[in-house]
Amino acid sequence: MTEQSFMGGFSQLALGVCYYPEHWPEEDWVEDAAQMRALGLRCVRIGEFAWSRLEPQRDQFDFGWLDRAIATLAAEDLKVVLCTPTATPPKWLIDECPEILPGDPASGHVRGFGSRRHYDFSSTVYREEAVRICSVLAQRYGNDARIIGWQTDNELCCHDTAHSRSTAAGQAFQLWCESRYGNIDDLNTAWGNVFWSMEYLSFDSIELPFGAVTETNPAHQMAYRRFASEQILRFHNACCSALEEHIQNQWITHNFIPMKDTQTDCFALAAPLDFVSYDSYPLGRSEFLLGRDEPELARRYMRTGHPDYTAFYLDQCRGLKNRGFWIMEQQPGPVNWAPSNPRPAPGMVALWTLEAIAHGADVVSFFRWRQAKFAQEQMHAGLLRPDRSQSDAWHEIEDVVRVLNILKEESLPQPQAQVALVTDVSAQWVSDIEQQGQGVEAHRVTFQFYRALRRLNVAVDIVSHSADLSHYALVIVASMPIVSETLLEACEQSDATLLFGPRCGAKTPEFQIPPNRAPGLLEPWLNVKVNSVETLRPDVTEPFEYQDQVFQSRLWCEDLTVADATVAAYYQQSRPALVRKGRCLYLATLTDDAFLRQLLGDLLKEREVVICELPEDVRTMTRGSVTFAFNYGATAYTLNRLSDLPLNAEFLVGDAVLAPRGFSIWRSE
Amino acid sequence: MTEQSFMGGFSQLALGVCYYPEHWPEEDWVEDAAQMRALGLRCVRIGEFAWSRLEPQRDQFDFGWLDRAIATLAAEDLKVVLCTPTATPPKWLIDECPEILPGDPASGHVRGFGSRRHYDFSSTVYREEAVRICSVLAQRYGNDARIIGWQTDNELCCHDTAHSRSTAAGQAFQLWCESRYGNIDDLNTAWGNVFWSMEYLSFDSIELPFGAVTETNPAHQMAYRRFASEQILRFHNACCSALEEHIQNQWITHNFIPMKDTQTDCFALAAPLDFVSYDSYPLGRSEFLLGRDEPELARRYMRTGHPDYTAFYLDQCRGLKNRGFWIMEQQPGPVNWAPSNPRPAPGMVALWTLEAIAHGADVVSFFRWRQAKFAQEQMHAGLLRPDRSQSDAWHEIEDVVRVLNILKEESLPQPQAQVALVTDVSAQWVSDIEQQGQGVEAHRVTFQFYRALRRLNVAVDIVSHSADLSHYALVIVASMPIVSETLLEACEQSDATLLFGPRCGAKTPEFQIPPNRAPGLLEPWLNVKVNSVETLRPDVTEPFEYQDQVFQSRLWCEDLTVADATVAAYYQQSRPALVRKGRCLYLATLTDDAFLRQLLGDLLKEREVVICELPEDVRTMTRGSVTFAFNYGATAYTLNRLSDLPLNAEFLVGDAVLAPRGFSIWRSE
Amino acid sequence: MTEQSFMGGFSQLALGVCYYPEHWPEEDWVEDAAQMRALGLRCVRIGEFAWSRLEPQRDQFDFGWLDRAIATLAAEDLKVVLCTPTATPPKWLIDECPEILPGDPASGHVRGFGSRRHYDFSSTVYREEAVRICSVLAQRYGNDARIIGWQTDNELCCHDTAHSRSTAAGQAFQLWCESRYGNIDDLNTAWGNVFWSMEYLSFDSIELPFGAVTETNPAHQMAYRRFASEQILRFHNACCSALEEHIQNQWITHNFIPMKDTQTDCFALAAPLDFVSYDSYPLGRSEFLLGRDEPELARRYMRTGHPDYTAFYLDQCRGLKNRGFWIMEQQPGPVNWAPSNPRPAPGMVALWTLEAIAHGADVVSFFRWRQAKFAQEQMHAGLLRPDRSQSDAWHEIEDVVRVLNILKEESLPQPQAQVALVTDVSAQWVSDIEQQGQGVEAHRVTFQFYRALRRLNVAVDIVSHSADLSHYALVIVASMPIVSETLLEACEQSDATLLFGPRCGAKTPEFQIPPNRAPGLLEPWLNVKVNSVETLRPDVTEPFEYQDQVFQSRLWCEDLTVADATVAAYYQQSRPALVRKGRCLYLATLTDDAFLRQLLGDLLKEREVVICELPEDVRTMTRGSVTFAFNYGATAYTLNRLSDLPLNAEFLVGDAVLAPRGFSIWRSE
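Chains as they are written, first to last, in our numbering: chain Z, 1 to 669; chain F, 670 to 1338; chain L, 1339 to 2007.
What the hints contain is simulated information worked out from the structure, not anything from laboratory work. Hints may contain errors.
[Claimed, not checked] Here are the simulated lysine to aspartate or glutamate pairs, EDC-like style, with alpha carbons at most 16 Å apart:
#, chain 1, residue 1, chain 2, residue 2
1, Z, K529, L, D1730
2, F, K990, F, D1137
3, F, K1198, Z, E99
4, F, K1042, L, D1730
5, Z, K373, F, D1137
6, Z, K529, L, E1848
Keep in mind it's a predicted model, so treat the numbers as computed, not measured.
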């Protein structure tokens, strides 16, 4: 069950904006604040990236401008979210300590000053500097009632900064190995270094798993990824602790990028936070997901984003702490960083904002107040254009404010789901390290299950391997080569139907094949053994039979030996592809979407979960008694009281006809 | 108006050839010279790349072979063009001063010895060495009547050598910044370095805009490109000055590559030259332009080159100094450097030669006399094969000689155009630095307008932003984000119809958004404001309405607010896409070719410029009373006295039937 | 004529396996050995990559485990093939002498420890270390009757290790140049360094041909490739000598990768070996060959490999020493290193094994006994799964054992071919260095002739340029820019029909154009001269006429002048494309497969060689009186006594109906 919302100081849903007063003449600030309030915004994020203005030279601080900016905003009753500026160490600091800079894993080249995120998570020098600036800021502003909370750093790991090949990283990795394995023989055994004479004689001769003649040991790579994730946590935890030491009645959050792009254990990263925030840019993200491999979908959703892709990250956000979250940066128009950057279709900014709320967001903050007139993001839309005129998003936000006013009478607990999708960053690590087949990526596998569920109109919780699963009807572990005892205990505590996808249980934590082969720890649950794995070219599919219907198997296909269990689907030649033992199923192959919808629908119906296959472009989501329906399509869609609209629905906003890129909201008990 | 031709010492059109006597036994030279003369060639370029033979070791010069080569050529009344050998510093010089070598911008790796162009434009050591060898040569040959002129270096900036990431470049850039901005605060303000804490405390901490974690500040990149362009000018000007100090009655030229590939202000680069030369390789260039994105066109024009692409560069050459120019290297057969290297269709060598003349070339010099038997260019055709037999081009050149004999009675002033296409290298820099949409490149935008005009059978001048525009009927500024006051003054001095393409006026010189937004300085001319820009996937187009016809909008689409002006074309939903105020138009989107032809045709007709839509493969060009018509197609085309052939045309060469890959020439008053 | 088979100590065909006892608990070894014997295996390769276990620290040897492993295997009458572990220098050695590591040619970056093949062939330090460990092993085991022979290193040059840009390589190259050219002027002349002032003043200023601004001199690149090949030979010869010094009654072999991937003169590499071995992975290799450019074929043969591609390498193996060979590693299931890794179709492991035998293999050894549970190759199938269960291949190997029992009564001399395909590594070097046209690669050209011949059901010997050609009916030199006098003498000694492909004779050994132009030394044989070469886009073909039929010319097209010779095929406009003078033909262009089959069929019929066009998926091969027929297709094929089945055939295995992925074997006199 999802916990209560965390409004972050507000008593109800609110909107906010990201603001960089230091980019604009001080005489503009008063009008900025007045207009923010007039638009209906309630909070303003400031201070991000401002280190060179806060501390222009070492130990020479300038807080005057920030004090005045806070005062100006507070005068309009706007709450301030203050950022730590650690994503942008200033030039004087880099010149003083160039060893702060990270190294590019592929080339080993230093990644230099001149943009952002030019620091190494393993640099103790930098960690101390980051803690110092956080402490200075928290000491000054940690007890200031105008500040409701803090954002740490910015988009941790963005620009592929999770991994580094620096001297600092190399030394830290040796220490980490020593700490994890204790003695070098154990490390050699754990990694299987006897293979190819890769054995080390001492921890101080261990290298980073980069730059070898051909691929390095996957166990070595896995250890590096674990190490890198822990370095990021250590850095971030230190910053959070520095804040916590001084703040009172203020919360701490961080604005995440898509979780897979952090390369990090995001559940752990979220641990010290009061709640999670997400930076939501549906169009560019959709282009990255679909642009190359699925150009037809990319064209279809060019101005809306894929109907499930944003929601997938929203549900991940909710799941990270099992509570309400914020959108810290919401796309308000064309951006500047995708291969092509179209305009959102009219209505989409409002739709995305309400969709975030429907999935559990408590506050949505737009990025950015005013389009920058200089530097890297000039082509990124804001709510105001550089000349202060209102951008296209302005009126859509006014619409949202009106909707929020309607909703303020409603109780909006967090969404409740009967289906859990269990994830773990290790799944991504395994598929990155040992892909085995072109196109096989853990996050795409998980997303395919997610979108099949959403087409069936069910809510989905995306949870960690250590989550309580007792209240779900269906638990799906789409991709998890390393299955933990914790997960299996939670499965035992639950009576949910359990569906495991291909490769689940196929690896030990040290990236070996389990003694009993795949699915390893899952074997007693299923009485199945994986004999071998084949991967298919992305342009090949093969027939696959389930319930007398033919679907398609693709990309990843395991050959199984089945003992005492039921075969529920077959490859050609009647070879088992889906096995069921009691409430537990194992799917041995990746498939087309149609099969997933059919299978999941059958499993949900069996558990008497109400499903309803929605059109391709329509989705709904419910908080308490309030349901939101969204139409991503270019044509209107009429909800149907016999299927996707409850008989007792009372419309709060809109009606049964969903306009193109429109939404309706109703109450039903 | 285009100035007179500069024949370079000849009283009429002439042909020449590039020759490397040092590659061949001295006993062959006499026969070479005799055959050149017999073929009808008048001048011979020599000495290019010959530094290791002119100065085998420091200060040990060997001019004997060069003296004998000059004498041998002169004995056959062949005029010599002498080259400075600065494109190939010899090994002893690199070993002595390895800091001459440039650095690769992406990797920072030294670009070493072993081919050509291995020098850094910012190296003061090398500039002095280049000046030294130029002076030595000019002192010796600067008053020699057998030498008509000089070519500096070779194909400046070829092989992506305009940009370098060397220590020399880094230091020179710091000095350049100090000189341009005076104090560091002004630089920080100009670049907007407050964004992402990119502020510098001193000029000596400024870095080159390479190797950062993500994209560097576009203003920083813009400054670097300006700097790099100026370094190239400084190097080249120094070489020209060294020559000028000693030469008498000799001219100086340089053989340009396609202007966009120089990354440099070519108008400025041409300033110290007496005239411009161009190295014309239609097939490889066309393959580079079309091969990947437009394979159908690439196949169609595989053996001819695109009918407008060579001409586009010819017209640029004419425009650089507003006078006649030379083709210093003309492709005579298959080359060696494109992904595939087909044979020119029979007739094309003659066609290209006469096309160059039609567009204003006074001399066409073929590359090369004799196909090299060794080293990098063995697969590059010459007029002779390595064994002295005649290549396919030989007889086509004989044909050209006959045509030139016919033309020698005609007056051939430079072409006169009623249409100007205004260009500036800054447009290319902006689109390279901030592309914003895949496929959007300034030179492709400009070329699209050019080819639409040429299909309408009008001559085009390609001029700089500081050109006199008073004598044109139509002035097109296809792509110019940074519009200068100079250009607007010239527009005011002219009564031409003015057409500005998308993104014009969108940036200040320091790469910021103008205070009044795009189109910045153009706003009073048009009463229009750009609200936002979107870029579309290259595989998407959207309908676009003009004069009740539907065309296609593509790639780059601006949303406009129009005040007191007429909307002449519309996107979907009647949103303005083309705006007109008086004689001035602003086109807010890239479009298909059909629309450009329609619009430009309408504008030309309005100004009573005679147009005639030519077939896809036929083009004409006029010098004085002489018109040349060319057929790039594989089938004959009959000119029509009602449209593309004047009623009073008297044929000098050929007749109204243009053979495949053929040409006709007529006189009309 | 191919020499006798070399069974390597066996009196008949045998099977073996690759085994890594050090990867498994010692208590498993006895059962492993018993199962190997029970399966019918006769020999076991061990010790590969085991340096860190044989010499855990310098001079501290541990042979106990190896002794026990050998004893365990010998107890089951299994013969041991012992490997030198030089492909994996251990970490202590790299830490001691980091200069052993090779450098990446493109970037110059060190290629570090962490996988395998991390040594530079030019490192004298490493050569001494490799010789040392070989000597130590040979001293200990060189007179042990349980060991039948040795495998040197592993897959020399795999992972693109033939070329290196290290300090060691740079210094060795200078010495090599001095040794080859004697004085620097001769080198400059040989390379044509006058071109672009590339002249060197001394050998110690010569650089490796990498990292220049643009392409380096092809003669320089050619010299580097010769040097690199000789460095590999020197390294390998030294290892072989070290073994030979101590061994008695043991042979030496090496397991080759596809010959083109060695970048080395494989005939010379094979010289010190008793016989050649090959590592045969049909699926991944086929994917690499076809995956990108011919996706339809890649899909069709996804689970079988292309019917001719494995055989092409088998016939190369037989040709390297003109005698029987081994398959040292035979793919037994899905592998782990191709972009996608499908399962072999049922039957293919047996089919591949017998196909290898049909082409001359005497022993086939499967890779590997037991699938690794750790490190880089966990996804690579073995005969046993990690948990000791039998993989899919097991029963196919049992089938093979039964077949070998049937065959043991038969005499199986090496295959006899009437057609020779002459190859030389220099052809590959030329096409790599000066490709001139996208898609033109020497090995693809040669393979195209090979597969045309195989469709015509003839056996092919693949021989070196110095082979005796006297007993062939047809000799094909598909691609050989550098033709040697030796080859021409062999051609003279033979009365075979001689067919030379495009570019033959086009270069001198120092990569210059021959004085008489292409085809250089071949001119007197053909009375033809190549005027020019054009290359076509891969998406273009052009009609081409032979015997009144129209075929397609593609990729590479030479223009010819023909003196006293017959033109046998024509490009468009009746330009000569195939010339014949007596028994010698010159084909001036690459073509479609249909033409090659037609031409080769005509030439073979003329020599009364029996041909028969086989279906796309069926092939046969004959050893003595025993013929093997294979069906790569998914449908059965019935052999026909009128064409592809001799009238007197007596079936030993199977019958006239070739099952899908099946085989039959018959005896006929």
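Each hint, compared with the structure:
no.: 1; hint: K529(Z) - D1730(L); in the structure: holds (14 Å)
no.: 2; hint: K990(F) - D1137(F); in the structure: holds (12 Å)
no.: 3; hint: K1198(F) - E99(Z); in the structure: violated (47 Å)
no.: 4; hint: K1042(F) - D1730(L); in the structure: violated (58 Å)
no.: 5; hint: K373(Z) - D1137(F); in the structure: violated (32 Å)
no.: 6; hint: K529(Z) - E1848(L); in the structure: violated (60 Å)
The structure fails to meet hints 3, 4, 5, 6 from the earlier list, while all remaining hints are met.
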